[in-house]
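Protein chains in written order, with the working numbering: chain A, 278 to 500; chain B, 278 to 500.
The hints are simulated quantities; they were obtained by calculation from the structure and are not laboratory data.
Any given hint might turn out to be false.
The list cannot tell twin chains apart, which means a pair is met if one copy fits it or any two copies do.
[Said to hold, decoys possible] With a cut-off of at most 30 Å between alpha-carbon atoms, the simulated DSBU-like pairs for lysine-lysine come out as follows:
1) Lys-350 with Lys-421
2) Lys-350 with Lys-293
3) Lys-293 with Lys-421
4) Lys-443 with Lys-293
There are 2 protein chains.
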Amino acid sequence: MLSATPRTQINKGPHKAVQSQDALHRIIDESMVAHIGLIQEHGPVVIPMLAWRVDEHIYIHGANNSRLMRHFKQGNPACLTFTLFDGWVLARSAFHHGAHYRSAVVYGNFTAVDSEAEKDRLLNHFIEQIAPGRTADIRLSDPKELAATMVLAMPLTEASVKISNKGVNDDESDLSHPVWAGVMPYRTVVGPLQPAPDLAPGIETPDYSAAYAKHWKDGCRDV
Amino acid sequence: MLSATPRTQINKGPHKAVQSQDALHRIIDESMVAHIGLIQEHGPVVIPMLAWRVDEHIYIHGANNSRLMRHFKQGNPACLTFTLFDGWVLARSAFHHGAHYRSAVVYGNFTAVDSEAEKDRLLNHFIEQIAPGRTADIRLSDPKELAATMVLAMPLTEASVKISNKGVNDDESDLSHPVWAGVMPYRTVVGPLQPAPDLAPGIETPDYSAAYAKHWKDGCRDV
Numbered sequence: 278m279l280s281a282t283p284r285t286q287i288n289k290g291p292h293k294a295v296q297s298q299d300a301l302h303r304i305i306d307e308s309m310v311a312h313i314g315l316i317q318e319h320g321p322v323v324i325p326m327l328a329w330r331v332d333e334h335i336y337i338h339g340a341n342n343s344r345l346m347r348h349f350k351q352g353n354p355a356c357l358t359f360t361l362f363d364g365w366v367l368a369r370s371a372f373h374h375g376a377h378y379r380s381a382v383v384y385g386n387f388t389a390v391d392s393e394a395e396k397d398r399l400l401n402h403f404i405e406q407i408a409p410g411r412t413a414d415i416r417l418s419d420p421k422e423l424a425a426t427m428v429l430a431m432p433l434t435e436a437s438v439k440i441s442n443k444g445v446n447d448d449e450s451d452l453s454h455p456v457w458a459g460v461m462p463y464r465t466v467v468g469p470l471q472p473a474p475d476l477a478p479g480i481e482t483p484d485y486s487a488a489y490a491k492h493w494k495d496g497c498r499d500v
Numbered sequence: 278m279l280s281a282t283p284r285t286q287i288n289k290g291p292h293k294a295v296q297s298q299d300a301l302h303r304i305i306d307e308s309m310v311a312h313i314g315l316i317q318e319h320g321p322v323v324i325p326m327l328a329w330r331v332d333e334h335i336y337i338h339g340a341n342n343s344r345l346m347r348h349f350k351q352g353n354p355a356c357l358t359f360t361l362f363d364g365w366v367l368a369r370s371a372f373h374h375g376a377h378y379r380s381a382v383v384y385g386n387f388t389a390v391d392s393e394a395e396k397d398r399l400l401n402h403f404i405e406q407i408a409p410g411r412t413a414d415i416r417l418s419d420p421k422e423l424a425a426t427m428v429l430a431m432p433l434t435e436a437s438v439k440i441s442n443k444g445v446n447d448d449e450s451d452l453s454h455p456v457w458a459g460v461m462p463y464r465t466v467v468g469p470l471q472p473a474p475d476l477a478p479g480i481e482t483p484d485y486s487a488a489y490a491k492h493w494k495d496g497c498r499d500v
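Okay, chain A solo, but in the shape it has when bound (with noise of 0.2 Å):
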């Protein structure tokens, strides 16, 4: 359950609020597009990021000399904001217009992982998430690309989780009105792979569905 903060707690739209940390994880790992924010001397910065999660940290990865990475190495606070746009609501009304979507926004500090075996570890672990099966096949890291790569590591201990999904919701008086109401889903879809230019002949086309599947019942294998 994830418990609200001073800065967790919604305002705006409540009944969109989800406490539940299983929401939260389905989120990031469906997403691993973050938007982190940061401050600087003229004001927020915010950056797209592939963030992952193992259990419950969510991870971030970038080369040693990153500025971005050095600065939240420090222990600067961090805001992480994953958000899947799954349509739009279509209403009777030009007010009511509206999205349907999930959000999840995390708030904590990054600590570096030292451990090369576990950067290795951590990196693979985001590889198997895209690709499951692949670490066995690739040419894996050297002591020297590990070296060149910061992994930082944050706890989720707080953060808020909105789902807006419950369609058109128009004043009772409009419902009369003869137009066009509903939904216009937004959804992934993932594949075919397409090969390298450069690449080998006789090398099979591998099946990384399963990790995609998971979260895209139906119409998000290749079409």
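Fit chain B to the known structure of chain A by using the hints.
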């Protein structure tokens, strides 16, 4: 052309920087979800918001009593980031795995749109971007609804765009490694439209595909 300012100068992966205003417009128009950053006493906060473009301005809207909207109405510096995730790059080495994406980071200050007629025009323009022709059929906003809605405008004068779409970039020494390499593309499928449970019989389902067909050439109609 987007000119680099101190805060839009791209240091990491400068080869991914794009200076085209048209590319900026396309990312905003295709996404319409912005992650907006603000500074609170405990640190940065990143909130997903709907945002749309009309000519050389972007707009957000919300309730008049929204703390977030009031924060930006006061002219506090804003950063809005739009990101489209296009797929995973599956390299032969763990180290060179990555993502295909398009992102735009926009900086500026919002000002309130005061004219009710202009708010109405901008909000209807937003609906028309999602569902062309729809504002001719829906019940348009009344003065009370417009008065309860805040619309904020920001000129598109300072932004940086990054596009990663170059596929696999393995080290020469890994090209002979016997593993599949390529891209796992992600794309968005819109529709089919889902009617509201209480939709009156005999109301025809509209065709709004013109709105998204322009973004997504193939495979992005109903499947």
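Results for each hint:
1. Taking the closest pair of Cα atoms, Lys-350 and Lys-421 come within 30 Å of each other only inside a single copy of the chain (20 Å); across copies the shortest separation is 49 Å, beyond that limit.
2. For the homomeric pair Lys-350 and Lys-293, the shortest alpha-carbon distance between copies (25 Å) is at most 30 Å, but the shortest distance inside one copy (33 Å) is not.
3. Proximity of Lys-293 and Lys-421 under a CA criterion of 30 Å is satisfied inter-copy only: 25 Å between copies versus 46 Å inside one chain copy.
4. In this assembly of identical chains, the alpha carbons of Lys-443 and Lys-293 lie at most 30 Å apart only when taken from the same copy (9 Å versus 39 Å across copies).
When the structure is compared with the earlier hints, no violation turns up for any of them.
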